[in-house]
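Heads up: the sequence shown begins at 2 in the working numbering, then just goes up one per residue.
By construction, these hints were calculated from the structure, which means they are not laboratory data. The reader is advised that the hints may include incorrect statements.
What the hints assert, rightly or not - Cβ-Cβ distance ranges computed for the label pairs, FRET-style: (1) E48 x R68: 49 to 59 Å; (2) K19 x K69: 28 to 38 Å; (3) R24 x R4: 26 to 36 Å; (4) N20 x A63: 30 to 40 Å; (5) G26 x A63: 50 to 60 Å; (6) W62 x W37: 30 to 40 Å.
All residues carry an ideal CB built from backbone N, CA and C; glycine is no exception.
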Amino acid sequence: MKRYNKQQVMKDAHRLYKNDFQRRGRTWSECLTAAWSWEKDAVRVREAKAARLDAMIAASWAAYNARKNEKPKKKEFEGLSSDVVSYAMGYGRNLYCGD
2 MKRYNKQQVM KDAHRLYKND FQRRGRTWSE CLTAAWSWEK DAVRVREAKA ARLDAMIAAS
62 WAAYNARKNE KPKKKEFEGL SSDVVSYAMG YGRNLYCGD
């Protein structure tokens, strides 16, 4: 069931009715109808945003689970001697490359 913020509807209707520039000769009934249409649009936008967020979260969990279930690849430095690894990382040249 959709939930509407009735307090905001009444605030918008009063604000519209009090402001002569925005009112443009509208009656209280017309101002209230306009405020309700704004609230219905706001609820529709909130629901669409929540649906997009839920879909995005579900897709990211699916991608995470797919990556987690893959067979682990062999290690990058497997089969290399420690001298080669330390030289490649900068330790063999008296340079520090890292935090």
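Inset, instruction - Could you tell me which of the hints above the structure violates, numbers in ascending order? - result: 1, 2, 4
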